[in-house]
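Asks: For the protein sequence lines, the chains are A and B, in the order given. According to the numbering used here, the first sequence is numbered sequentially starting from 1. According to the numbering used here, the second sequence is numbered sequentially starting from 1001.
For the record, the hints were derived by calculation from the structure and aren't laboratory data. From a predicted model like this one, the values you see are computed outputs, not experimental measurements. A virtual CB, placed ideally from N, CA and C, is assigned to each residue, including glycine. Any given hint could turn out to be false.
Unchecked claim - No more than 25 Å apart at the CA atoms, straight line, and that leaves these computed lysine-lysine pairs for DSS-like: (1) B/Lys1158 / B/Lys1019; (2) A/Lys8 / B/Lys1158; (3) A/Lys9 / B/Lys1088; (4) B/Lys1158 / B/Lys1088; (5) B/Lys1158 / A/Lys6; (6) B/Lys1088 / A/Lys6.
As the list claims (entries may be wrong) - Reference listing, derived: stretches of chain B covered by chain A, where coverage requires no fewer than 3 residues with Cβ under 8 Å from a Cβ of chain A: (7) 1022-1034; (8) 1055-1068; (9) 1172-1183.
What follows is each chain in one-letter form.
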Amino acid sequence: MEEETKNKKADYSVNWLVLWVLVILTAGEFYLGVASSGRAGTFMIVFALLKAGFIIASYMNIGRIFGRREEH
Amino acid sequence: MAEHADAVHQVSLAEYRVKSANNRLGLWLFIFSDAFVFLGLLVTRFNLMPDARPELDQTLGLIVTSVLLASSFFMNRAEIAAGVGDIKNFLRNTLVTMILGIGFLVGVVAVEWPAAAEHISVSEGVAGSVFFTMTGFHAFHVLTGVIFLFIVWNNGRKGLYTAERHFAVEACAIYWHFIDVVWVFFYPALYLMGSAVIGG
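From just these sequences and the hints, can you work out the full model?
Replies: Here it is in structure tokens:
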């Protein structure tokens, strides 16, 4: 029960952390796009890859297909 | 419905976990194959308009993107809640995700499409074709996701999920986050990269 509560707290912390990362990267991406008049394409692709990476690793839990932390 | 819930819980936990592991792999294979369709659309966009983008409202793009990212945040919270058997929180967060998903659909289909149609069209130039095909295909996935969310929310309301048995919630969450990941690439490709073309 104690471990379950600890896991839940950790999951909610990651949940918030990923949201902040997404907010910062999206704001940066928007600023780059507007300020450079769309010429900073490479940076925007890097930003998009980072955002996708965070979502796939933390929200989609891709590690579960390899058997990592099967159930909560 | 109570009989159905009982039948679900009659399968042993070990058997349920094996089934879930297989289903999870199948779901990821589907996601992977679906990703290629979206990748094809992205390649088409950059091939047809390498240094240009459709003339669109960038602020509106940022708003709909924020709504979809926020929906992923709430979907993740719903999944965490289901994982510890907190059904009340699961239902609340799933409902918020659904509302945000509908908000995204309204933003793209009811607001952005008519606004974009003033500058671009499918019949004149590639910008319209690129924009309406990419957003249309994505919006259809969002609509499917909202229906999936409703089914999972309704089943949760009927008491079908427990802390140990909630693979449907996980599947719904993975699908929803996938829709989000696709938009993460579509957003800069459509709204930010290249210089805007009118009627192109």
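Asks: Each hint: holds or not?
Replies: Checked hints:
At roughly 22 Å between alpha-carbon atoms, B/Lys1158 and B/Lys1019 fall within 25 Å of each other, so this suggested pair holds. With a CA separation close to 24 Å, the supplied pair A/Lys8 and B/Lys1158 stays within the 25 Å bound. This hinted pair checks out: A/Lys9 and B/Lys1088 have alpha carbons roughly 17 Å apart, not beyond 25 Å. About 12 Å separates the Cα atoms of B/Lys1158 and B/Lys1088, which keeps this hinted pair within 25 Å; it holds.
A distance of roughly 28 Å separates the Cα atoms of B/Lys1158 and A/Lys6; the hinted pair therefore is violated under the 25 Å criterion. Straight-line distance between C-alpha atoms of B/Lys1088 and A/Lys6 comes to about 20 Å, which keeps the hinted pair within the 25 Å bound. With a threshold of 8 Å between beta carbons, the proposed coverage of the segment 1022-1034 of chain B by chain A holds, since 3 of its residues qualify and at least three are required. Judged by the Cβ-Cβ criterion of 8 Å, the segment 1055-1068 of chain B is covered by chain A as claimed, because 4 of its residues qualify and three suffice.
Residues of the segment 1172-1183 of chain B with a Cβ under 8 Å from some Cβ of chain A number 6, which satisfies the need for three, so the listed coverage holds.
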